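For this one, chain A is given, so just place chains B and C on it according to the hints.
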Amino acid sequence: IRGYTQFRFTRTIDQETDSANPNLLGDRSVNGNAENFSIRRMRLIIFGDVSEHLGVYIQPDFANLPQGATTNTFFGQLRDTYADVYIDTTKIHRLRIGLSKVPFGFENLQSSQNRVPLDRTDPINSAVSPNERDLGVFYYWTPEDKQKLFRDLVDGGLKGSGNYGIFGIGVYDGQGGSQVEQNLNLHTVARLTWPTRLDSGQVVEASVQGYTGEYVVQGSAIRPLGRGSAITPAGTGGNTGHRDQRVGTTFVYYPQPFGFQSEWNWGEGPGLNDAQTAVETRWLQGGYAMVMCKVDTCDYGIFTPYCRWQYYKGGYRSIANAPYGTHNQWDLGVEWQIRKEMELVAEYSLVDGANLNAINQARVTSYRNFDGGVFRLQFQMNY
Amino acid sequence: IRGYTQFRFTRTIDQETDSANPNLLGDRSVNGNAENFSIRRMRLIIFGDVSEHLGVYIQPDFANLPQGATTNTFFGQLRDTYADVYIDTTKIHRLRIGLSKVPFGFENLQSSQNRVPLDRTDPINSAVSPNERDLGVFYYWTPEDKQKLFRDLVDGGLKGSGNYGIFGIGVYDGQGGSQVEQNLNLHTVARLTWPTRLDSGQVVEASVQGYTGEYVVQGSAIRPLGRGSAITPAGTGGNTGHRDQRVGTTFVYYPQPFGFQSEWNWGEGPGLNDAQTAVETRWLQGGYAMVMCKVDTCDYGIFTPYCRWQYYKGGYRSIANAPYGTHNQWDLGVEWQIRKEMELVAEYSLVDGANLNAINQARVTSYRNFDGGVFRLQFQMNY
Amino acid sequence: IRGYTQFRFTRTIDQETDSANPNLLGDRSVNGNAENFSIRRMRLIIFGDVSEHLGVYIQPDFANLPQGATTNTFFGQLRDTYADVYIDTTKIHRLRIGLSKVPFGFENLQSSQNRVPLDRTDPINSAVSPNERDLGVFYYWTPEDKQKLFRDLVDGGLKGSGNYGIFGIGVYDGQGGSQVEQNLNLHTVARLTWPTRLDSGQVVEASVQGYTGEYVVQGSAIRPLGRGSAITPAGTGGNTGHRDQRVGTTFVYYPQPFGFQSEWNWGEGPGLNDAQTAVETRWLQGGYAMVMCKVDTCDYGIFTPYCRWQYYKGGYRSIANAPYGTHNQWDLGVEWQIRKEMELVAEYSLVDGANLNAINQARVTSYRNFDGGVFRLQFQMNY
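So the protein lines, in turn, are chains A, B and C.
First residue of the first sequence? That's 1 in our numbering, and the numbers climb one at a time after it.
First residue of the second sequence? That's 1 in our numbering, and the numbers climb one at a time after it.
First residue of the third sequence? That's 1 in our numbering, and the numbers climb one at a time after it.
Bound conformation, chain A alone (with noise of 0.2 Å):
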């Protein structure tokens, strides 16, 4: 048993005239009129081997608000529950049965508890969102000397993905973590990466991945483009779904002391038409870079400085009539890890993206850009 906490508060600096309220796919405590502390994670991780065949991970949330909820908060519900069953005893194949990761994206894999920035970025997990899970069946493929190596990048505090297999591919629900199954289709997901360790010590890792579906939008009322009465965009809702399907490349230089990574996709999933009125298959895409460097200080912990860049341009599946737009976001930040079990981030973050709000008021557009700048910091305990 172990696990983690994040805790935040959050402020908007910045907002410019005519801006959409801030508005975050990976943080609701950006909002712009009731911003304070938050927890954004409240893990406990249950895990271990139950033989030489059977290892089983539990991870519930207690950071969640119940659907249809606007007030009371912090419930219990499930992230990962999973089976790893493994085929012979040295672990290199292995099923993995039940809800966990869908292998699509380094940052999608790697845990929020190692991640330098604090929410990951939109192109990379509205393929995934959301909570990148799903219900399915995996097969992973990780010879000896890289599962040695998965668990280096990890211990080694360099932020690694953990073990999802050199090769990877898996069947699984479709509509995100913890989501009800809405058809009888199943995504198929496959994944291809390359972690090696060069003469100068360095770590590089590269990955190619792809998936495909068809994804069922949940609708909620809107005027489209602030013009006349309340609808729900046709094409949301049913049981049938559209075509949800996306590749990506992924490229990370390990931080010993300056890192580097990069992920990009392309593909085509759910979005929101511009006149508002219909969900349909769209084109999108998007990826970010990000550079850090990571500081060891005698007496002061560590100290890891970032700056991230991400653009996404495409439909958000996982959010009520699959609002389609464009986000570009500039992301500056320190990490401070006090102590092993003590972690302080600081991020400034400049948006220029759309708020995912579905608002339903005369005269109102759904779904403007927000711009401007949004202060968060983070402390993390880990247990």
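The set of hints was computed from the structure by calculation and includes no laboratory data.
Bear in mind that the values here come from a model prediction, so they are computed numbers and not experimental data.
Any given hint could be a false lead.
Identical copies look the same in the list; a pair holds intra-copy or inter-copy alike.
Below are the DSS-like pairs computed for lysine-lysine, each with C-alpha atoms no more than 30 Å apart in a straight line [said to hold, decoys possible]:
{"no.": "1", "residue 1": "K313", "residue 2": "K148"}
{"no.": "2", "residue 1": "K340", "residue 2": "K148"}
{"no.": "3", "residue 1": "K313", "residue 2": "K91"}
{"no.": "4", "residue 1": "K91", "residue 2": "K148"}
{"no.": "5", "residue 1": "K91", "residue 2": "K146"}
{"no.": "6", "residue 1": "K146", "residue 2": "K313"}
{"no.": "7", "residue 1": "K340", "residue 2": "K313"}
Chains B and C only, in chain A's frame:
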């Protein structure tokens, strides 16, 4: 701390023309148009004896959809939380205080971890639905030799029920497990069971049981018989309730290797009238018979093929409007206990029974029968 | 890992003619027409020192009804999740970061596991309702001898509050424990307490405390004074809030064997106006006095009879529309600690106080007083 999780993959294979959509009391993942992987049960059990006079048992489940939610699932909810107060240290006399199983029906008392078929039967489970549990105080009497026999039946892989006393009697709220009490009436239950080891080494168990109380049925708008406008049937809601009482018999011949199990119950309870306009107290009866065979192989685990038939004619008290109908079902399956910690079950169910969903649509009759076949595959991990 | 659970059996014994239905701030199982067994608190506590500089405390409760639910209950929700950051290893200076108790009122800080009466009083608890907790950062100062004294008061069965510092000061969201923040305002609180052991061996404790902030009240439709059509009172919702500030005094004479305890507080906070049309900032005051006697028997455990009187005139900030009224209550009861791990409490309450439910029915006035008597029996298990 221990527990188990059941992952399923579901497919409706066959649906007769003019049949309603598939729907089962015991598994909401069966619905015909949104079926794939699901988690049926995800249990963590914290238990132990705090002292010679107090045993504690706490079991949350993390596969719950909160009331009113349609997409966001896998929230944590209590199944059991009880104190076993031992009057003396021999544990012969015991008071069980709190949220625990209602001693009515072998099948209800047997853990889903041990049951061979995927779910309980409608005729027996509808007596104590939802969740087979309730809040109350129960007294159990178990002589020491029978304490040992109950333990052996579970530990020996014979799929016993655990120790709910040779004689048990109790009072409880009556609305079902983890439900808010709705009236001032208490349910009363009593059960007498006699498990005995024959000279041949075989174990047989016979039981009688009965309960009585008043149950408040929740209402939901429907079009009665598909005609006219929406109404909520009379006799729903409020704080009085309908008479809810049954008697039942049980016979179990434990599988060494051939097993036979049968239960039947009769009584009256809340049920929607034939005009679908009001919930009344109506007669009910039903039961099941099952044969199974436990085959131990040297190298490939234990196989237990089984065949179960069930019949129910009566109301479903825990479902909105307490739909009244008939349910006929044949289950054919096999449980493969690969290793002690992993089980795989394949089950095909031939169903002719009422769809229990309240449908509020013009010219649509709710509660018509589904006639067809459902295939399910379950992977269970024990930890 | 430890915890406790409180099972109750409730009955309204007496309701005066023309009185509203029974309703208590501290126990939703009291309602007059659906009372029987209930679970008031079901706690699991995971705690420990991760290092010399970090203590972790996590406490979910599993007796929660999610917002909007009416029947399906016992979901898991966080009560506490905090980090105790010790500035030095003597633990004299401490920062408590996260979701924890707000240091206002002895009764609020004392654990329900240790409190003798079943629930806290309205005048003191309404200051930090719901849940006595909030998200924020608190600083506590506790010299080493007082650390020991605080510990002795709990371990010695004297029903202490635990260590919330001799001096404490903090900032927090202000909407209550496990509630979503609704504005940009932070609450501020400070408390000074002085527990001391007299030459006679008796311990007395005296405290002063105060807080200030702005609270956003939720709205719910009612018929003001039972007249006209439904309205939601003005001054509810939104993101600004009403002034919410109080000062309070505490005096505790610990029971060896006779004990006396009293608290009083004054201030202003959100309250519905007399016309029931708008929530305003209104004056409030109230407090309680309690006498109790701790009787150790050789063979039958510890008996603690008690008598408590409380009075409150003010608004209830955490209830929809912040109903304003008077509450007078006498509690007579006895706690029987059978063994360390089992306690039984019988309590009779004479209540004359506002029913806090918003009723939206023609010609029905909400928030009329309930005048009558309620009997409750509680079994508590500690583990």
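Right, here's what the structure says about each hint:
Within a single copy, K313 and K148 get their C-alpha atoms no closer than 38 Å, and across copies no closer than 60 Å, so neither meets the 30 Å cut-off. For the identical chains of this complex, K340 and K148 are neighbours both inside a copy (21 Å) and across copies (29 Å), given an alpha-carbon limit of 30 Å. Taking the closest pair of Cα atoms, K313 and K91 never come within 30 Å of each other, the shortest separation being 40 Å inside a single copy and 51 Å across copies. For the homomeric pair K91 and K148, the shortest alpha-carbon distance inside one copy (11 Å) is at most 30 Å, but the shortest distance between copies (40 Å) is not.
In the homo-oligomer, the alpha carbons of K91 and K146 lie at most 30 Å apart inside one protomer (11 Å), although the nearest pairing across protomers, at 44 Å, exceeds that limit. Proximity of K146 to K313 under the C-alpha cut-off of 30 Å is found in neither arrangement, the shortest distances being 35 Å within a copy and 60 Å between copies. In the homo-oligomer, the alpha carbons of K340 and K313 never lie at most 30 Å apart, since the shortest distance is 38 Å inside one protomer and 50 Å across protomers.
Of the numbered hints stated above, those contradicted by the structure are hints 1, 3, 6 and 7, listed in ascending order.
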